[in-house]
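For the sequence shown, my numbering begins at 21 and goes up steadily by one.
Rather than coming from a laboratory, the hints here were simulated on the basis of the structure. Computed from a predicted structure; not experimentally measured. You may find that some hints are simply not true.
[To be verified] No farther apart than 25 Å at their CA atoms in a straight line, the calculated lysine-lysine pairs in the PhoX-like style are these:
1. 82 / 235
2. 179 / 43
3. 179 / 134
4. 82 / 134
5. 235 / 134
6. 60 / 82
7. 179 / 140
8. 60 / 43
9. 43 / 82
10. 235 / 43
[Said to hold, decoys possible] Ranges of calculated distance between the beta carbons of each label pair, as one might list FRET restraints:
11. 155 / 40: 30 to 38 Å
12. 229 / 108: 22 to 30 Å
13. 210 / 119: 16 to 24 Å
Just so you know, even glycine gets a beta-carbon here, dropped at the ideal spot from N, CA and C.
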Amino acid sequence: MSAPDTLMSQDLMQEAQAAPASKAEVDRLDFYYGDFRALKSISMPVYDRQVTALIGPSGCGKSTFLRCFNRMHDLYPGNRYAGRIVLHPDNSDLLAREVDPIEVRMRLGMVFQKPNPFPKSIFENVAYGLRVRGEGSRRRIEEKVEQALEEAALFNEVKDRLHEPAYNLSGGQQQRLCIARALATDPELLLFDEPTSALDPIATASIEELIHDLKK
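Taking the hints into account, I'd like the entire structure generated from these sequences.
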């Protein structure tokens, strides 16, 4: 092999090593509301430890696409999927009929456009998913709740009032609480549907910084 060929081979190897790993793969995804085809043959990778942004005008299908990942469309009759969304590393198709949507939602966390805390305490909002998953250890739940609140940059603001109603929090705090709730169950993917659109600029900056930090 000549010197130029060797250099080219080394460059290709470095590029391959630098390329982020794929966490999920969308393969020829179609989605239908009844007879209306809302999504048409979408194929794209979703990379591990990266922020993948969907950009487009209102009504173009961004939320529809996002909600395919955790099978939220299953909650309404007449909706159907075609194609695949494959989650790595186990290569499971999230849209396969034999896959339980509840299992899918356990693996993927979602934060909606507007904060939607449960009518429970701050602590119980974050602990809820852990209890649903069958976690029975009080100590383990307390550790995970604190960890999730810290990751959502909220713990220092609420550590002395964890048993107060979540509705007592400001809008930005409620949204960070919803992020903590999503983080507590260690999701493999986090889905954000315009999570800052209802927040003020200061709260928006906090959420955007948090999303950047979560890539780690």
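Between residue 179 and residue 134, does the CA-CA distance stay at or below 25 Å? holds, 23 Å
Quick one: are residue 155 and residue 40 within 30 to 38 Å, going by C-beta? Given range 30 to 38 Å: holds, Cβ gap about 31 Å.
Straight-line alpha-carbon gap residue 82 to residue 134, limit 25 Å: holds, 16 Å
Straight-line alpha-carbon gap residue 60 to residue 43, limit 25 Å: holds, 22 Å
For the pair supplied as a hint, residue 82 and residue 235, is the alpha-carbon distance within the 25 Å limit? Measuring from Cα to Cα gives roughly 21 Å; hence the hint holds.
Keeping to a limit of 25 Å between CA atoms, is the pair of residue 179 and residue 140 held or broken? The hint holds at about 16 Å.
Restraint status (C-alpha distance of residue 43 to residue 82 at most 25 Å): holds, 19 Å
Taking the Cβ atom of residue 229 and the Cβ atom of residue 108, is their distance within the range 22 to 30 Å? holds, 28 Å
Keeping to a limit of 25 Å between CA atoms, is the pair of residue 179 and residue 43 held or broken? violated, 34 Å
Given a hinted range of 16 to 24 Å, is it respected by the beta-carbon distance of residue 210 and residue 119? Holds: the Cβ-Cβ distance is about 20 Å, inside 16 to 24 Å.
Hey, residue 60 versus residue 82, does the alpha-carbon distance stay inside 25 Å? Status holds; Cα separation ~12 Å.
Keeping to a limit of 25 Å between CA atoms, is the pair of residue 235 and residue 134 held or broken? holds, 22 Å
Taken one by one, the earlier hints fail for this structure only at number 2.
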